[in-house]
Amino acid sequence: MLFDQLLKQTGEWLRGTGPEADIVICCRLRLARNVQGFRFISRMDADERTACEQQIRSVILQQRIVPEDRYVSLHETAPLDRKLLVERHLISKEHEDSKHPRGVAIDRDEQTSIMVNEEDHVRLQVFQSGLQLRAAHKVANALDDLLARGLDFAFSPQLGYLTACPTNVGTGLRASVMLHLPALVLTRHIEKVFQAVSKLNLAVRGLHGEGTEASGHFYQISNQVTLGRSDADILANIEQVIPTIVSYERKAREELLRRDRLRMEDRVWRAYGMLRTARIISSEESLMLLSALRMGHHLGILPDIDLQTINELFLNTQPGHLQKLAAHEMEALERDARRAEYIRRKLDGKS
Amino acid sequence: MKCQNCHKRDATVHLTEIKGGSKHEMHLCESCAASKGLPGKAHFSIQDLLAGIASAQQAGTQKRRTQELQCPVCELTISQFQSTGRFGCADCYKAFQGEILPLIEKIHDSTQHVGKVPGRAAPGVALQKEVRHLQLELKRAVKQEDYEKAAQLRDRIKQVENELRAQGAPTGSEDVGPLA
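Residue numbers (the numbering used here), protein chains in the order written: chain V, 1 to 351; chain F, 352 to 531.
Treat the hints as calculated values from the structure; they're not laboratory data.
Don't be surprised by glycine CBs; every beta carbon is placed ideally from N, CA and C.
Fair warning: there could be bad hints in the mix.
[Said to hold, decoys possible] Label-pair restraints from in silico Cβ distances:
| id | chain 1 | residue 1 | chain 2 | residue 2 | range |
| --- | --- | --- | --- | --- | --- |
| 1 | V | Lys-93 | F | Asp-460 | 26 to 32 Å |
| 2 | V | Thr-277 | F | Pro-453 | 56 to 62 Å |
| 3 | F | Leu-487 | V | Asp-233 | 15 to 21 Å |
| 4 | V | Arg-250 | F | Arg-360 | 24 to 30 Å |
| 5 | V | His-189 | F | Lys-353 | 19 to 25 Å |
When you get a sec, could you build the whole thing from the sequences and use the hints?
Set out below in structure tokens:
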């Protein structure tokens with residue numbers, strides 16, 4: 001079963017490898033496309049939605065983008081399984097919650113997911129761990145070409161790819177880079193980063209994208225402009241700013257260690273102590289503590305914990321994963337107790 | 352680069368003014384630009400922009416209230432678009448063209464797509480683009496009085512237009528609407 005397979009791995013975006021992986025968690029590239037001849041999702045009736053989903057699904061399978069068992073019809077999927085996909089960034093929250101016929105194709109490494117009948121008919125996303133925007137773009141572009149062999153995409157010479165929302169029109173491309181910036185937050189320099197980024201017409205968002213808080217000191221930086229610039233220009237605009245932010249974060253980490261080593265060690269070891277001993281822990285709290293652990297790992301403060309364990313904890317302590325691993329739904333308190341237990345076991349090395 | 356006015360803060364507003372044929376450049380920080388009444392790079396939300404269309408639209412509809420703009424394909428009205436910010440189909444872009452192009456320009460600072468063209472979807476599009484590109488070059492060549500090059504370009508344009516005609520696509524040198 002697909003969902004059991006997913007639970008055994010952490011997926012591409014949490015692989016923890018690639019250039020600058022101590023700070024750059026992953027890159028994500030998204031292309032929005034609509035199929036000519038179908039109305040957009042909000043104006044479709046049930047029959048049209050079904051027909052649209054069927055057509056896109058058959059092209060995905062025909063072009064061998066994924067095998068049949070890797071295409072999930074979400075309207076026939078249990079709520080907990082849908083939550084699992086959101087927590088793994090494979091589908092959006094909107095795609096989880098809507099009611100109509102819709103689906104998602106997921107490749108084996110969770111590097112690619114193609115949402116069908118989301119806000120646009122096709123939302124193709126590609127993940128690469130570490131700073132590898134170009135590599136992600138290459139994959140996305142090739143998949144887009146494969147889809148275009150079987151689908152006529154709505155396109156105008158003036159406005160490019162036509163999308164349901166005018167903020168995506170043109171290339172339909174959203175490129176984002178997820179960063180872990182705890183030292184810039186601690187040294188209160190994070191505002192400067194936001195200012196620099198907004199001058200380049202880039203947006204800063206939280207862990208789960210649009211409208212979410214930056215929990216656990218994770219930030220996503222992405223382009224806002226999609227029209228009048230080629231894919232390459234959009235990527236170049238982001239690429240010029242990321243190395244600067246990465247070097248600021250590194251400098252801030254070094255400075256904190258030099259000036260305040262004891263306090264830094266205290267912060268990391270306390271987080272570790274809390275995670276090792278807590279009996280009830282919320283997902284928000286564990287995210288903050290795991291964030292400190294992750295920084296500690298990269299600063300050499302916690303030599304015994306490997307990144308893979310930390311990444312597994314990030315993923316599996318989310319509510320959907322926790323319940324899926326327990327194989328039943330739980331109330332909040334039971335969940336928080338279960339989470340604490342799971343973390344303790346994992347850190348004791350007896351998963 | 353420092354602001355030319357206060358010489359303290361970084362210049363983030365860059366202006367190029369053409370006066371009487373000569374070019375003046377100004378580099379200011381955001382607060383000096385604001386004190387001179389120049390717009391800085393303000394943040395916007397799509398809701399604000401939509402509200403902007405709504406008020407412009409209201410001014411218009413007072414004259415012709417009876418006929419609200421509507422997409423002929425999906426029957427979405429312009430006011431429905433304003434309340435959701437989402438189009439109903441690809442043809443809405445054409446139906447609401449006059450209303451939404453200023454909005455699109457505000458969001459993206461452009462109204463012309465650059466970059467990828469779907470291969471199979473619109474066989475004529477790449478060639479149409481080539482025609483437009485060649486026509487620009489032709490104008491430049493004529494201006495520079497390089498008539499030999501201009502003649503070559505004219506031949507090339509004819510050739511591409513014939514290819515387009517063979518495909519049954521508009522040639523691009525006809526006066527097609529921006530969204531055709």
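Taking the hints in turn, this is what the structure says about them:
1. V/Lys-93 x F/Asp-460: 26 to 32 Å: holds (29 Å)
2. V/Thr-277 x F/Pro-453: 56 to 62 Å: holds (60 Å)
3. F/Leu-487 x V/Asp-233: 15 to 21 Å: holds (20 Å)
4. V/Arg-250 x F/Arg-360: 24 to 30 Å: holds (26 Å)
5. V/His-189 x F/Lys-353: 19 to 25 Å: Given about 21 Å between the Cβ atoms, the range holds.
Comparing the model with each earlier hint shows no violations; every hint is respected.
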